[in-house]
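Starting from the known structure of chain L, fit chain V onto it as the hints suggest.
Sequence lines, in order, name chains L and V.
Residue 33 in the numbering used here sits at position 33 of the first sequence, and the numbers go up by one each step.
Residue 458 in the numbering used here sits at position 260 of the second sequence, and the numbers go up by one each step.
These aren't lab readings, by the way, just hints derived from the structure by calculation.
None of these values were measured; they are calculated from a predicted model.
Every residue gets a Cβ at the ideal spot worked out from N, C-alpha and C, and that includes glycine.
One or more hints might be untrue.
[To be verified] Which bits of chain V does chain L cover? Going by a derived footprint, with three or more residues having C-beta under 8 Å, they are: (1) 213 to 222; (2) 254 to 261; (3) 273 to 279; (4) 393 to 407.
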Amino acid sequence: MLGLMTVDSAGDLAPAAPATKEELLARVAHGDQSAFGELYDQIAPRVLGLVKRLLVDHAQSEEVTQEIFLEIWQSASRYEPTRGGASTWILTMAHRRAVDRIRSSQAGRDRDTKIGIRDLAVAYDHVAETVEVRIEHERVEKAMTRLTQLQRQAVSLAYYGGFSHSEVADMLHIPLGTVKTRLRDGLIRLRDELGVAS
Amino acid sequence: MSSRNEQYPADLSGAYALHALDADDTATFEAHLAESEWARIEAAELSDTAVALGLAVAPVQPSAAVKAKLMSLLASTPQLPPLPRAAGPDPAEAAASAVAPTPAPSTPGLPGTPPVTAGGVSTDAPSAVTDIRSSNGAASSPHGSATATERAQVRWFKRPAQIMLAAAAAVALFVGGTVLGQTLNTNQFESQQASGLAQINAADDSQRAATTTADGQEATLVWSNKLGISAVLVDNLPALPSDQDYQLWYINGEGAAPAGTFDSSGDSTAWRVLDGTMHAGDQVGITVEPSGGSDQPTTNPIVAFQS
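Isolated chain V (complex conformation):
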């Protein structure tokens, strides 16, 4: 992020509308947008102008296979809930969203679920941790699963610093800024999540692995080695009390790397695209951690996938 752009962020409006900015300049300009209604109006107008350029391009008919594959993916592709409150330029709306129970900035919650409702699960959750783990061991080939879990726990230590960078960058999106900025960022985070899941599902090397928790909840890992990203989807994962989060981990020979936290409403499909880069053969685990997540796992995984 250069001082040049911080000095004249308004100059970036054209390049922004044309998607010609890199990530740093985009962040600079969006910080500017959060502060200036005038800038938001110009950005919206120039973005619409860019669309006119797109509408002038000759249409191309996709092959029938594209639609067929899409339709077959819909049932297993969760949809985002509506935003609690639109991040409009209206001050009344901004004030309303200040009061609205939006997910906490550092734990933006899960795209597929509303914020956690505290229920009588604080005692259930820890026991679910052990239940699910032991039942996984019993359900499939006990020996192999136990070994995998053991391996996962042994590797539960070190983590590569470079993977943390990506996670840190994602968190940085949510610190600082106005309430409006936060709402924009929450929406942006969710859009990125939706886009990530869409990319995985549409990838030609898209793979999935399914397992079942002790309570019969279906847990699915989808990933693309080509893209180096993965996502976890769990049906009806129990809601956690507000001082806890589910946390995702990439586990390999170098240890366990934190890959993001999420909440669950308990009654829909909770899902999250993992932060960081997936490497072929990585395990993916979920633990219950103190709110905001931990640097290292502090509990046993409730689910572990072998990709």
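Same shape as in the complex, but just chain L:
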């Protein structure tokens, strides 16, 4: 149904495949703590990776990761498999919480704005540990090259930098309306390149 589900399940097709994240979430919704532990093992590194990309500080990123997993435990019953894969649900929540932390804390305001500008391309400083991650990385990096440079810059600042659209407007000295347009057009282009459709 969703393009990303293919990516999700592809990673689970290893021999002696463990339970899928979707199955685990369903068990978590019924209070299964061992399923929660297994789900954590499968996806916590991705959650922390993303959160740390935005927050930079490791200890604070681990704290937010903990919050995210408590929220997964509490709201697992709200996950709807028909709307997408479990990774999609979890990473959406993770990004949201990382952004919330940036907006609510002094730590966010203290971050050097260079963090956002530093690596406008999809950052990847070392070789991927898994084939799944590497494939996804290359796929996204390729799709990103299809955006205009201005779109790529705005999308990266917002997603990887965690900056609000008005912060992006300030940083780039462009009108807010222009930022909105770049973010939307950029994501639509990415969607089409990645073949994400419902």
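For chain V alone, kept in the frame of chain L given last:
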């Protein structure tokens, strides 16, 4: 909320998917979502696209302590029940949820409990109010508790207006809009509640205080002074008749500030993250109030915590 965005809310879809909107713009865009299926489809697709950006980030292994702490918190962390009906774009589903007994918009009920079932508790509840209060006084050091309760009642008057703003904003989420909008908002409210409780539990200065009601129900206050938020959890709190709600209060030198209402099913853990901001040393109280809550407490607290 600017007229600019109300005029072209669809322009916000990209920023929304990237979590780059502030609260006002988010509300504007979600009102737009509630009205347009086309917009919902685009929002879902762009949100999934954003996830692809997240999947391209190199994983980082958390330290073992993170998992250990999480696992130790699970038993005391209540889970949300499934939604009565999914807020899907299907008109049949929307119609079904119009009929389904979802919690009333202004009193969205408790994340951990289904809507109140009216039972023969209408006479029990008021007596429980006095029972619990006097028994609390008797159970622990009578003098100290009585003093705390007295203080709580004396302060039961004025309330700071600015704290009300937050509560009013939360209530505003639930007024107006379509049935679908309300279902989305109920889900959003519950998600916010779950997130609030998760934040408190994960905070490095997370604290808790426990007490027991007259009927042996365990009541727990968890809070973080750093975050300025708290949550109350009560096991097996009796269900109230439909014309009454439990109401939470922050009590300090400036008076009692309403901090949200909730229901209880009577047979599970009722809990709610309080509206407004907690200040170090605030007391937290629960009263039984007419449905929808009161501006000022009208009954004695059934439980009062000293943070």
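Hints, verified against the model:
1. 213 to 222: holds (count 7)
2. 254 to 261: Holds, because 8 residues of the segment 254 to 261 of chain V bring their Cβ atoms closer than 8 Å to Cβ atoms of chain L.
3. 273 to 279: holds (count 6)
4. 393 to 407: Three-residue rule met by the segment 393 to 407 of chain V, so holds; n is 8.
Checked against the numbered hints given earlier, this structure breaks none of them.
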